[in-house]
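Engineer: One letter stands for each residue in the lines below.
There are 2 protein chains.
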Amino acid sequence: MQTLDRLAIHTMTTKPWDLPTAVKKYSAAGIRGVGLWRQWLDGRPLSESRSLMDDHGLQAVSLVRSGFFPGLNATERQAALDDNHRALDEAAAVGAPQVVLVCGAKPELSLAENRKQITEGIAACIEHAGKVGVKLSIEPLHPMYADCRSAVNTIGQCNDIIDQLGDEWVGIAADVYHIWWDPQLEQEIKRAGKRIIGFHVCDWLTPTQDFLNDRGLMGEGCIDIKGIRAMVEATGFNGPIEVEIFSTRLWATDQDAFLSNIITACENHV
Amino acid sequence: MQTLDRLAIHTMTTKPWDLPTAVKKYSAAGIRGVGLWRQWLDGRPLSESRSLMDDHGLQAVSLVRSGFFPGLNATERQAALDDNHRALDEAAAVGAPQVVLVCGAKPELSLAENRKQITEGIAACIEHAGKVGVKLSIEPLHPMYADCRSAVNTIGQCNDIIDQLGDEWVGIAADVYHIWWDPQLEQEIKRAGKRIIGFHVCDWLTPTQDFLNDRGLMGEGCIDIKGIRAMVEATGFNGPIEVEIFSTRLWATDQDAFLSNIITACENHV
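Chains as they are written, first to last, in the working numbering: chain F, 74 to 343; chain R, 74 to 343.
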């Protein structure tokens with residue numbers, strides 16, 4: 074099945090599982106890709122995390138996440154750059170071809186200032202990205218996160234940033250949760266073209282109970298995931314389909330059954 | 074003070090007060106405009122509601138709200154049109170020059186279908202709007218409401234709709250809460266020009282605790298209200314500044330003190 078071959082699971086999706094458990098379970102289910110959250114690297118050498126994946130026939134398709142560029146002063150901004158450099162190093166060490174950028178925002182700063190600092194921050198990481206051979210993947214976040222998580226909220230903004238910075242080491246992660254509502258989605262994905270280097274899926278629930286941790290399994294909500302996938306693949310994208318679900322409700326269920334449901338949902342709704 | 078002269082309070086902002094109480098309190102505070110929610114009309118003849126306002130030197134600057142055009146079948150869609158016609162009649166009866174449209178969305182329908190039904194629904198109300206002399210004011214809602222409250226989420230979409238339908242009886246209500254994040258805000262407000270017929274203020278809190286009822290008083294949050302006001306007034310708009318705050322937290326406080334705080338906040342942050 075074409076979708077399963079390309080399926081990758083974010084470790085945050087099965088939050089109760091540590092990395093040794095996750096790689097064992099994913100592998101047993103026939104999955105080959107991992108969206109590797111950095112917290113899952115804690116407590117062992119990077120080489121050991123990589124071996125865990127290698128030994129189970131798994132590939133880290135993305136390291137999640139860095140970014141958070143805006144700062145209230147130079148010290149904060151430098152700390153963010155340092156962390157982004159570390160993330161690029163970590164990605165290289167575990168064999169992940171891209172680092173996903175949640176660009177950040179400080180409610181104390183103006184939107185314009187947040188957006189300026191983000192573009193400058195990404196620019197300041199490009200040289201290191203090229204050096205270690207890992208791409209920076211800008212993930213636009215839903216406008217409901219514009220105050221404190223990301224002031225980059227549309228594919229259009231990503232395109233504007235990449236127009237400035239070039240696309241050799243900078244691309245876009247298109248997560249249906251963040252972009253499904255956008256009236257300019259089709260035209261901006263088309264404009265992005267080969268810049269789209271990541272595709273994340275989940276669903277939008279009605280009503281959504283929590284700003285962060287009430288995402289749905291694909292098919293549970295209202296997002297036209299197949300339609301967005303078609304737009305993304307019309308650009309030539311044939312990379313991993315990354316399942317990224319934050320859900321207090323689903324984390325509380327049996328994770329083996331949940332993983333099985335994810336695979337079924339991907340077959341039917343992606 | 075120029076802002077206070079133009080200040081209007083939505084009855085929903087002081088939810089604990091019924092209409093007789095609200096008009097008495099607003100008037101005593103020197104306020105002249107009311108954003109009149111339809112629930113506040115219940116239980117007495119329309120003429121009596123109008124007299125209540127007249128007697129206190131108050132003017133209904135908007136009737137809030139109708140819209141909700143998308144339906145799963147023809148019966149639902151017709152019921153929505155009937156309700157919009159009633160809202161226009163009510164607005165005319167109480168002397169409100171515009172009805173605010175929350176355009177609606179059904180998660181069971183595609184975005185494209187929701188948006189199509191909205192445009193058709195507004196189109197079907199224009200003749201009656203002209204007959205009773207009341208404008209239809211499209212309020213784009215924040216994208217976090219695109220599933221079930223409004224599939225119209227940007228000023229740009231309003232402009233596209235009005236390009237089709239004409240602007241004699243259709244305008245735009247710009248609420249800072251819904252539009253502050255939009256990277257195309259300035260250009261689309263400029264494009265809207267005289268189509269902007271409403272300006273609503275409140276603030277965005279970090280963190281926001283609830284999708285509906287956790288708005289902030291102006292100055293409590295991160296929205297550049299003065300900046301957006303300047304964009305809106307650059308179009309020539311000099312109409313009411315409508316305070317529309319839904320807040321479980323603020324409704325639980327003393328409403329006299331809250332009204333006083335609103336006036337201070339308008340002086341300092343709008």
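Because the hints were derived from the structure by calculation, they are not lab data. Remember, predicted model here, so these are calculated numbers, not experimental data. Keep in mind that the hints are not guaranteed to be accurate.
One copy or two, it doesn't matter: identical chains are merged, so the pair holds either way.
In silico DSS-like cross-links for lysine-lysine, where the CA-CA straight-line distance does not exceed 30 Å [what the hints assert, rightly or not]:
no., residue 1, residue 2
1, Lys204, Lys267
2, Lys189, Lys97
3, Lys263, Lys88
4, Lys189, Lys263
5, Lys179, Lys299
Engineer: It remains to establish, for every hint, whether it holds in the given structure.
Structural biologist: A quick look at each hint next to the structure:
When the C-alpha separation of Lys204 and Lys267 is checked against a cutoff of 30 Å, the pair qualifies only within one copy, where the shortest distance is 21 Å, while the shortest distance between copies is 52 Å. In this homomeric assembly, Lys189 and Lys97 never come within 30 Å of each other (Cα to Cα): the closest approach is 42 Å inside a single copy and 47 Å across copies. In this assembly of identical chains, Lys263 and Lys88 lie within 30 Å of each other by CA distance neither inside one copy nor across copies; the values are 34 Å within and 46 Å between. For the identical chains of this complex, Lys189 and Lys263 are neighbours both inside a copy (25 Å) and across copies (22 Å), given an alpha-carbon limit of 30 Å.
Proximity of Lys179 to Lys299 under the C-alpha cut-off of 30 Å is restricted to the inter-copy arrangement: shortest distance 19 Å between copies versus 34 Å within a copy.
Hint violations for this structure: numbers 2, 3, all remaining hints satisfied.
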